[in-house]
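Modelling step: build the complete structure from the supplied sequences, incorporating the hints.
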Amino acid sequence: METRNNINPRPFQPVSPGCILKEELEARSLPISDFAHKIGLEEFELDKLLNGTLCLSPEIASSLERFLGIPASFWLSLQSAYEEDFTKHIPENTVAKIRLLWKSIPAQLSKENKKFAYASVRPNGRGRDYQGSIQWIEDAGIIRRCHNLSTPELPLDGNAISDQFKVYMADTGLFISMLEQGTAADILQGNLYGYKGAIFENLVADIFGKKNRKLYYFRKDSGLEIDFVTRYKGECTLIEVKANNGNFKSVKTILANHEKYHVEKAIKLGDVNVGTAPQTLVLPLYMAFLL
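Residue numbering for the sequence shown follows the working numbering, beginning at -9 and increasing consecutively.
Hints should not be assumed to be uniformly reliable.
[What the hints assert, rightly or not] Between beta-carbon pairs, the in silico distance windows are:
1. L214 with E33: 40 to 46 angstroms
2. C9 with N181: 30 to 36 angstroms
3. A71 with G122: 46 to 52 angstroms
4. N181 with Y222: 14 to 20 angstroms
5. K210 with V5: 44 to 50 angstroms
6. G42 with G148: 19 to 25 angstroms
7. S23 with S110: 51 to 57 angstroms
8. E13 with S52: 17 to 23 angstroms
9. Y222 with A17: 47 to 53 angstroms
10. L20 with R112: 40 to 46 angstroms
[Claimed, not checked] Using 16 angstroms as the maximum straight-line C-alpha spacing, the simulated EDC-like pairs for lysine to aspartate or glutamate come out as follows:
11. K12 with E55
12. K223 with D176
13. K250 with D129
14. K200 with D129
Everything labelled a hint here was simulated from the structure, so no lab data went into it.
None of these values were measured; they are calculated from a predicted model.
Yeah, the Cβ is synthetic: ideal placement off N, Cα and C, and Gly gets one too.
Written out as structure tokens, the structure is:
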């Protein structure tokens, strides 16, 4: 019979500072809404901190010291240990590259990039320098790649161009939390600024990813560009995501050239009501999960 002495102890597993803070607030019977106000955070921001999706900054650590009497150094050491635990599973020579890639994602999404731009990660950056790093982030379930197609036809996987892709966050909430301080609060109040198109596209990529759909888009140097291409009801279907009543020219061009592209249907998602247009189904963004 195995005794306790024969059991190997579990290695220490750092937890997020938010987890410790959550236990502390519960022990003191402090309501989240009241405490968020005291330390200068929105309630949803404190909730993200408690759930480990918001980094504990030096400013927050100082506020915790002021209101809880627990040194800021304690909270910052927890944050540091949590981050080190995240990176210890990564080959040492790729840690810096992964961090650079990670920090570039909000800028990649907010720009009208035609494909993932390694030069946005680091000046003169090249794909071969970051392939392993971006694969690690994808395998960790943090991002999803959306591959360009040589032509918008089935089979989509067979027409995908392996080295041409965009990147979307696997969780739109995590993407928003990566933006500069205060932006997330503005977004929840409807002030999307220049991020509106990026957020709408990432929401659709997020929804499709959770439905186990692979992501594809179509772009040609001539200017044709379709946000997403998918198989819907057995047919190749174009999907355009519009934050407003933007240009639908590329979809119309492809649908009008059936002999060249062999596509007959499109779906428009955005801040719109349910409707139809020639060869096009128009849906509000929240109905994307039904596709």
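Results of checking the hints against the structure:
Distance hint check: the CB atoms of L214 and E33 are about 44 angstroms apart, consistent with the given range 40 to 46 angstroms. Distance hint for C9 and N181: a CB-CB separation of about 31 angstroms, consistent with the stated range 30 to 36 angstroms. Separation of A71 from G122 is about 25 angstroms and departs from the stated range, judged on CB atoms against 46 to 52 angstroms. A hinted range of 14 to 20 angstroms is violated for the C-beta pair N181 and Y222, which are about 33 angstroms apart.
For the pair K210 and V5, the supplied restraint of 44 to 50 angstroms holds, since their beta-carbon distance comes to about 49 angstroms. Look at G42 against G148: about 39 angstroms separates their beta carbons, and that is not inside 19 to 25 angstroms. A C-beta distance of roughly 38 angstroms is found between S23 and S110, which places it outside the suggested range of 51 to 57 angstroms. Under the hint 17 to 23 angstroms, the C-beta atoms of E13 and S52, about 20 angstroms apart, fit the expected range.
Here the CB-CB span from Y222 to A17 is close to 51 angstroms, well matched to the stated 47 to 53 angstroms. In this structure, L20 and R112 meet the distance hint of 40 to 46 angstroms, their C-beta atoms being roughly 43 angstroms apart. Of the supplied pair hints, the one linking K12 and E55 holds, its CA atoms being roughly 15 angstroms apart against a limit of 16 angstroms. The hinted pair formed by K223 and D176 fails the criterion: a straight-line CA distance of about 38 angstroms is larger than 16 angstroms.
Proposed proximity of K250 and D129 is contradicted: the alpha carbons are some 36 angstroms apart, above 16 angstroms. With a C-alpha separation of about 15 angstroms, the suggested pair K200 and D129 falls inside the 16 angstroms cut-off, and the hint holds.
The structure fails hints 3, 4, 6, 7, 12 and 13 (numbered hints given earlier, in ascending order).
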